[in-house]
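Visitor: As given, the protein sequences belong to chains R and D, one line each in that order.
First residue of the first sequence? That's 524 in the working numbering, and the numbers climb one at a time after it.
First residue of the second sequence? That's 22 in the working numbering, and the numbers climb one at a time after it.
There could be a bad hint or two in this list.
[Unchecked claim] Heads up, simulated DSS-like pairs for lysine-lysine below, C-alpha to C-alpha not over 25 Å straight-line: (1) Lys359(D) to Lys547(R); (2) Lys363(D) to Lys547(R); (3) Lys374(D) to Lys652(R); (4) Lys650(R) to Lys440(D); (5) Lys650(R) to Lys79(D); (6) Lys652(R) to Lys363(D); (7) Lys363(D) to Lys616(R); (8) Lys363(D) to Lys577(R); (9) Lys652(R) to Lys79(D); (10) Lys547(R) to Lys440(D); (11) Lys534(R) to Lys374(D); (12) Lys652(R) to Lys533(R); (13) Lys374(D) to Lys577(R); (14) Lys412(D) to Lys440(D); (15) Lys573(R) to Lys79(D); (16) Lys577(R) to Lys359(D).
Everything labelled a hint here was simulated from the structure, so no lab data went into it.
One letter stands for each residue in the lines below.
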Amino acid sequence: MEYLLPTLRKKQEVDSLIRDTLDKVLVLRFGLSSDAVCLQLDDVLYKSAKDVSKFATVALADAAAEEIQVYLKYFDITYVPSIVFFFNAHHMKMDSGSADHTKWVGTFHKKQDFVDVVEAIYRAAMKGKLIVNCPLPPERIPKFQLLYKDV
Amino acid sequence: MNHNNKKKKSKNEQQEFDFCEVCRLNHNNGRRHNFFPSHKNALSSLLARFQSKLSDVKFFLKTPMLTLPEHAHQNRLWCVFCNCDVPELDSQFAWSVISSNAVGHLASEEHWKRVKEFMWKYGGGMDRVDLFRIAEADYAKWEKKCKSLKGEAAKTQSVGTLNDIHNKHNTEFANSSCNNNFDVLNSCIPNYVVPLHSYTNERAPLPSSVLSSSVSETGPSLHNIPGGSHVQDANYLKNSTGYVDNQHFPNSLARECSLYGDASNGSVYSGVRAGISEVSPGLVNLTHISSTSKVALEGNVHTGAPPPWLDGTKGDNLDPAWKPESRNPVSSIEGKSKLNPKRVGAAWAERRKVELEMERRGERVNNNFDANWLPNFGRVWQSGTRKESRKQFQIENDAIREQDNHLEALMPIQPYISKRMRKDATHDTVNKS
């Protein structure tokens with residue numbers, strides 16, 4: 524999917540994208556291009572990218588690239604795909620029922636779910652809130668097990 | 022006076038609140054609302070916009086063309102009269118006619134009826150109704166042309182000519198069709214896409230060491246999914262990963278085995294080990310990435326470490342004194358409506374806009390930022406006021422522009438020593454000397 528959505532492999536690219544996306548939500552997916560879940564998510568993202576283009580930008584970061592490891596460490600990303608949301612270079616958090624509010628783990632069941640999530644983030648950011656509740660019902664949120672130190 | 026006011030009040034109250042779709046407004050003015058200038062303006066702009074989209078569709082009405090489904094999904098039309106989205110989902114054929122669903126919708130009886138109702142309700146002028154629909158004669162002509170086109174495509178199968186059309190008109194048009202006339206559920210997913218039907222919470226549990234022995238357990242649970250696209254998906258995965266296995270593997274299992282295959286072939290990526298995570302009922306199987314270096318020591322978002330995109334290691338710094346002057350030009354540059362000043366990162370956005378503006382003008386080439394760009398006011402262990410420490414910081418910044426970070430040693434951060442200790446220290450040194 525790299526040829527459809529901007530794919531970033533360097534830290535400097537990610538930095539400049541985060542810093543230069545102004546007044547729009549930046550949806551940054553960390554994933555592997557070989558993983559099937561990531562591919563499905565990429566498909567959803569690509570198809571919805573145009574719909575949300577007025578208030579969001581979508582980009583993919585290759586979790587296998589060396590320079591991106593800094594971000595994986597910073598965001599404590601252990602499951603892939605993970606999506607991190609930014610607004611005006613601030614990291615936006617979303618409470619989707621799991622313990623980790625800092626990112627969205629997994630894919631979306633429908634494109635509309637993705638659009639709803641991005642819209643919720645945008646509305647909260649425009650009001651000045653850094654954390655927002657997930658608008659999706661719990662059955663449509665992908666669940667995952669949080670492992671602590673590979674236990 | 023009172024009598025008049027009461028009359029006016031009662032007149033308004035008698036009218037119930039109604040929602041005007043055009044102005045998107047609830048009003049209790051009744052039929053008078055249609056003649057208000059604001060409504061007239063909104064209506065004319067709405068109809069003009071829709072008319073422009075329709076003109077694109079009508080272009081394809083006259084000359085039908087074919088396109089690939091992957092580009093088709095970008096073409097959609099929102100019909101304002103029916104309040105429905107009309108996508109191009111007609112992917113029964115490998116090549117589908119552009120905006121076929123849109124044309125079908127615009128030619129339909131229900132749409133015509135709704136257009137008339139809309140015009141009547143919002144005062145658009147009943148003479149203009151025919152502009153927003155496709156007459157039956159035209160529709161019949163178009164259908165004939167489509168059939169011949171599809172026939173030709175099937176016969177010749179020449180990718181060259183079709184590619185020309187496809188290259189010309191792939192992403193430009195905002196057309197779509199309502200699903201009234203077409204059964205979306207029956208439209209097959211094109212066979213090059215890998216949909217993950219089984220990727221929900223209802224998946225059966227799988228042990229962590231996934232091998233072919235566990236196929237039989239998970240097999241039955243996934244047979245409910247339509248088999249056609251299923252087998253194709255398995256084939257696609259098989260082909261793409263080169264993993265030799267059963268053709269009838271369920272989606273998920275094929276995926277897992279391919280992951281396992283990748284992992285066993287040796288890690289391709291430096292520092293990343295892709296393994297298979299534990300799965301229990303109701304959970305989704307996600308690829309687990311574990312980094313080899315220690316995470317906890319360096320700090321992350323949970324521990325409140327500084328974000329990596331805000332500290333750079335190369336390039337010039339931001340001059341802190343430059344910040345206040347940036348406020349004034351912003352309001353004069355932007356002519357658009359003001360965004361909420363309380364929104365997240367408003368200060369950053371304003372500052373960055375000015376920066377970008379300056380970069381564009383060529384005054385300042387400033388891509389990357391030094392780690393010291395955040396002015397360090399917090400030198401609490403230093404004596405003196407904050408201004409002094411800020412001045413000191415600015416001096417240092419100027420010095421750092423010439424040199425590297427060696428100048429940090431100029432002003433080492435010292436622990437706070439109370440007056441008494443200092444006095445004692447000086448006494449001691451005096452005594453010693």
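Visitor: None of the hints should be skipped; say for each whether it holds.
Guide: Here is how each hint holds up against the structure:
A threshold of 25 Å between alpha carbons decides the hint, and for Lys359(D) with Lys547(R) the separation of about 15 Å falls inside it, so the pair holds. This hinted pair checks out: Lys363(D) and Lys547(R) have alpha carbons roughly 15 Å apart, not beyond 25 Å. Among the hinted pairs, Lys374(D) with Lys652(R) is consistent with the structure: their alpha-carbon atoms are about 21 Å apart, no more than 25 Å. For the proposed pair Lys650(R) and Lys440(D), the alpha carbon gap of about 48 Å is over 25 Å, so the pair is violated.
For the given pair, Lys650(R) sits about 42 Å from Lys79(D) by alpha-carbon distance, which is inconsistent with the 25 Å threshold. Under the criterion of a C-alpha separation no larger than 25 Å, the hint pairing Lys652(R) with Lys363(D) is consistent with the structure, at around 9 Å. Of the pairs offered as hints, the one joining Lys363(D) and Lys616(R) holds, with about 17 Å between alpha carbons and a cut-off of 25 Å not exceeded. Among the hinted pairs, Lys363(D) with Lys577(R) is consistent with the structure: their alpha-carbon atoms are about 20 Å apart, no more than 25 Å.
Restraint check for Lys652(R) and Lys79(D): not satisfied, since their Cα atoms lie roughly 46 Å apart, outside the 25 Å limit. This hinted pair does not check out: Lys547(R) and Lys440(D) have alpha carbons roughly 52 Å apart, beyond 25 Å. A threshold of 25 Å between alpha carbons decides the hint, and for Lys534(R) with Lys374(D) the separation of about 22 Å falls inside it, so the pair holds. Of the supplied pair hints, the one linking Lys652(R) and Lys533(R) is violated, its CA atoms being roughly 30 Å apart against a limit of 25 Å.
The straight-line distance between the Cα atoms of Lys374(D) and Lys577(R) is roughly 18 Å, inside the 25 Å bound, and the hint therefore holds. Restraint check: the Cα-Cα separation between Lys412(D) and Lys440(D) comes to about 24 Å, which is no more than 25 Å; the hinted pair holds. Simply put, Lys573(R) and Lys79(D) have alpha-carbon atoms about 23 Å apart, close enough for the 25 Å limit, and the pair holds. With a C-alpha separation of about 16 Å, the suggested pair Lys577(R) and Lys359(D) falls inside the 25 Å cut-off, and the hint holds.
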